[in-house]
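Student: Here's the letter readout for the chains.
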Amino acid sequence: MASPENESSPLGEIELRQLERSLRKPRTLLSMFLSLFTSVLTFAALVPLVSVVFMLFYRGASKLTLSNFYELPPTAFEEGGGFGNALIGTIIMVVLAALISVPFGIMASVFLAELGAQSRTASVVRFCAKVLSGFPSILAGVFAYGAVVLVTGGFSAYAGGVALSILMLPVVILTAEEAIRMVPSRMKEASIGMGATQTQTLWFVTLPTALPGIITGVMLAVARAAGETAPLLFTALFSNYWSMSNWSPTSIELAEPTASMAVLIYNFSSSFVDNQKEMAWSASLVLVLVVLVTNLIGKSLSSSGPTR
Amino acid sequence: MDHPTRSPISRPPTAVERGIDRVFRFACSSFAWLTIIVMAYIVFEISWKASPAVQEYGTDFLTGRTWDPNTSEYGILPEIWGTLYSSLLALFIGSFFGIAVAVFLSEGYLGNFVFQILRLFGIQFHRFWGKLPTWSEGALKNLVELLAAIPSVVYGLWGIFVVMPMLREPCNWLHENMGWFPLFSTRYQGPGMITASFVLAIMILPTISAISRDALVAVPPKLREASYGLGATRWETILSVVLPTASGGIFGGIVLAFGRALGETMALAMLVGNMNTVDVSIFSPANTLAALLANNFSEAGSDEMKVGVLMYAGMVLMAITLVVNILGALILQRATSGLKGMR
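Just so you know, the sequences run in chain order A and B. Under our numbering, the first residue of the first sequence carries the number 1, and numbering increases by one thereafter. Under our numbering, the first residue of the second sequence carries the number 1, and numbering increases by one thereafter.
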């Protein structure tokens with residue numbers, strides 16, 4: 001083995017040569033080509049994201065002024081203006097939707113994760129939540145139109161809130177269930193061993209431990225609801241006026257048509273007036289920033305949760 | 001010896017506490033039931049409000065091609081066609097990129113790449129730099145998922161001002177030089193099938209890539225190692241071992257993305273052109289069920305038949321998306337449970 005030229009051991013030499021992958025072999029080349037191709041496709045997939053963000057800053061940021069936040073939307077021949085009422089309308093409706101869906105979702109997820117985890121009801125509920133999470137947002141609007149608008153006789157913030165809550169519900173249920181499930185069973189057992197009832201264990205041990213995960217779900221749901229347009233088009237409609245008579249929460253008119261950022265962008269996107277188009281971009285920038293920040297906060301909470 | 005003091009914690013629950021316990025548990029299970037009821041109520045409400053129109057128009061509604069409120073003639077064949085066609089086109093583009101992203105993220109390409117660069121600089125065992133490959137992969141995954149967080153109305157706006165002008169040149173070229181091909185047989189006018197599908201593909205890409213990545217990561221490492229051990233190249237392994245094993249999960253993801261695409265509203269309402277035409281050409285304007293609802297519902301008023309007709313269209317959309325979504329969820333459930341046995 002010391003001098004391969006003289007005492008050639010053909011077996012060893014051939015094996016060694018075969019183990020080396022020649023760069024000229026088509027299968028090696030194909031593999032390298034496909035690797036490169038996949039990398040290119042992956043980075044190409046990020047181009048739209050970069051492009052959207054660039055356009056938002058390029059067209060939205062330059063016209064964004066502080067007065068945008070406290071002025072009413074401009075009419076066709078008006079200069080300036082803002083989206084103050086739409087911002088407030090979005091907040092009102094998202095809060096309404098959260099008030100409905102968050103307690104509902106968390107209670108249901110407690111059942112799914114703790115009380116009836118193995119039951120048939122739980123698997124049906126879980127399945128319903130999964131199907132609801134892929135439910136087209138416009139159908140939530142159609143439902144709210146039939147169930148609220150036609151019953152109360154008019155477009156309102158209530159109807160918008162109901163429509164949004166349908167979309168938030170599955171997100172809250174599924175993430176909260178996951179978070180509650182992650183709580184170590186030893187903690188719960190210790191609590192029950194101290195003589196606590198199941199409810200006390202849930203309130204004082206399980207839910208506080210699962211809180212970061214639950215908040216993640218709520219944040220993701222809020223981010224989703226804030227950007228939704230389709231269900232608001234014919235539930236909350238739109239309004240060019242403030243939805244309150246003065247700056248106090250009690251004067252908010254919930255039974256009136258309400259403006260929202262998303263619908264404002266939709267209405268102004270096809271406008272023929274430059275000022276309104278610019279307004280659509282500025283409003284988009286604000287909306288995207290709000291949605292992305294909410295999303296990122298939610299995601300960072302879930303990763304910084306208690307380690308087990 | 002003194003009797004130990006009764007601490008407030010280590011005593012059996014009182015009758016009141018047991019009562020609260022029972023009430024709370026009852027409340028939780030009733031909210032769980034309420035989820036099922038809400039789901040059923042949505043289906044019932046839409047079908048119930050649609051029933052006058054269903055009785056009036058029957059199945060002609062599904063095959064009619066005109067939508068004319070003045071003569072009360074309603075048909076949604078163009079919308080059904082537009083919905084399915086645009087979603088399939090988007091799925092075609094989206095799954096191509098989505099699966100590529102999933103493979104890239106699950107086979108450790110980026111981590112490997114970062115690691116190689118670090119090694120060039122002689123950095124290998126530092127605690128901070130050593131984590132960079134994992135971080136970079138997480139960051140890229142989050143970036144792709146941020147695509148899903150952007151509201152669809154913003155995509156619509158972006159589509160109008162960026163995608164439409166961008167597609168004009170190549171689409172006109174295709175029409176002029178290959179106009180004999182049915183897909184390119186009409187002129188590109190801006191709003192139309194291709195514009196809408198292109199944006200739709202971007203919107204469903206995160207769904208496909210996230211679910212496919214989960215499926216690929218779940219492939220047992222033993223299979224991969226065995227394949228490399230036999231001397232297969234990286235892509236021989238991916239194509240003949242990894243992808244077939246994960247195919248159930250990937251397929252489930254694609255079906256769910258299809259469901260998303262079918263129900264997507266705003267980007268399509270802004271980009272598809274809203275014309276009641278049935279045309280194979282990808283440059284022709286079209287309409288979708290969701291866009292039809294978005295454009296017409298606010299003007300329906302309280303006219304029972306007008307509302308009913310729109311509810312009927314909504315019911316058709318609901319039927320299609322429910323079937324697709326339930327199929328997708330079932331496929332995913334089966335695929336993940338199948339892989340668990342292999343571990």
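Just so you know, these hints were derived from the structure itself, not from any lab. Just to be clear, a hint being listed does not mean it is correct.
Mimicking SDA-like on lysine to any residue, the simulated pairs with C-alpha atoms at most 20 Å apart in a straight line are [what the hints assert, rightly or not]:
| no. | chain 1 | residue 1 | chain 2 | residue 2 |
| --- | --- | --- | --- | --- |
| 1 | A | 299 | B | 17 |
| 2 | A | 25 | B | 232 |
| 3 | B | 306 | A | 36 |
| 4 | A | 277 | B | 148 |
| 5 | A | 277 | B | 25 |
| 6 | B | 141 | A | 204 |
| 7 | A | 299 | B | 191 |
| 8 | B | 141 | A | 188 |
| 9 | B | 131 | B | 112 |
| 10 | A | 188 | B | 17 |
| 11 | B | 141 | A | 49 |
| 12 | A | 25 | B | 131 |
| 13 | B | 141 | A | 146 |
| 14 | B | 141 | A | 277 |
| 15 | A | 299 | B | 214 |
| 16 | A | 299 | A | 209 |
| 17 | A | 63 | B | 161 |
| 18 | B | 306 | A | 54 |
| 19 | A | 25 | B | 141 |
| 20 | A | 25 | B | 306 |
| 21 | A | 188 | B | 118 |
| 22 | A | 188 | B | 131 |
| 23 | B | 141 | A | 35 |
| 24 | A | 188 | B | 22 |
| 25 | A | 25 | A | 43 |
Student: Each hint should be assessed against the structure and marked as holding or not.
Tutor: Cross-check of the supplied hints:
no. : hint             : in the structure
1   : 299(A) to 17(B)  : 36 Å, violated
2   : 25(A) to 232(B)  : 13 Å, holds
3   : 306(B) to 36(A)  : 55 Å, violated
4   : 277(A) to 148(B) : 24 Å, violated
5   : 277(A) to 25(B)  : 52 Å, violated
6   : 141(B) to 204(A) : 35 Å, violated
7   : 299(A) to 191(B) : 36 Å, violated
8   : 141(B) to 188(A) : 34 Å, violated
9   : 131(B) to 112(B) : 12 Å, holds
10  : 188(A) to 17(B)  : 17 Å, holds
11  : 141(B) to 49(A)  : 13 Å, holds
12  : 25(A) to 131(B)  : 35 Å, violated
13  : 141(B) to 146(A) : 39 Å, violated
14  : 141(B) to 277(A) : 33 Å, violated
15  : 299(A) to 214(B) : 17 Å, holds
16  : 299(A) to 209(A) : 17 Å, holds
17  : 63(A) to 161(B)  : 17 Å, holds
18  : 306(B) to 54(A)  : 42 Å, violated
19  : 25(A) to 141(B)  : 33 Å, violated
20  : 25(A) to 306(B)  : 67 Å, violated
21  : 188(A) to 118(B) : 45 Å, violated
22  : 188(A) to 131(B) : 34 Å, violated
23  : 141(B) to 35(A)  : 18 Å, holds
24  : 188(A) to 22(B)  : 18 Å, holds
25  : 25(A) to 43(A)   : 28 Å, violated
The structure is inconsistent with the numbered hints 1, 3, 4, 5, 6, 7, 8, 12, 13, 14, 18, 19, 20, 21, 22 and 25, although it conforms to all the rest.
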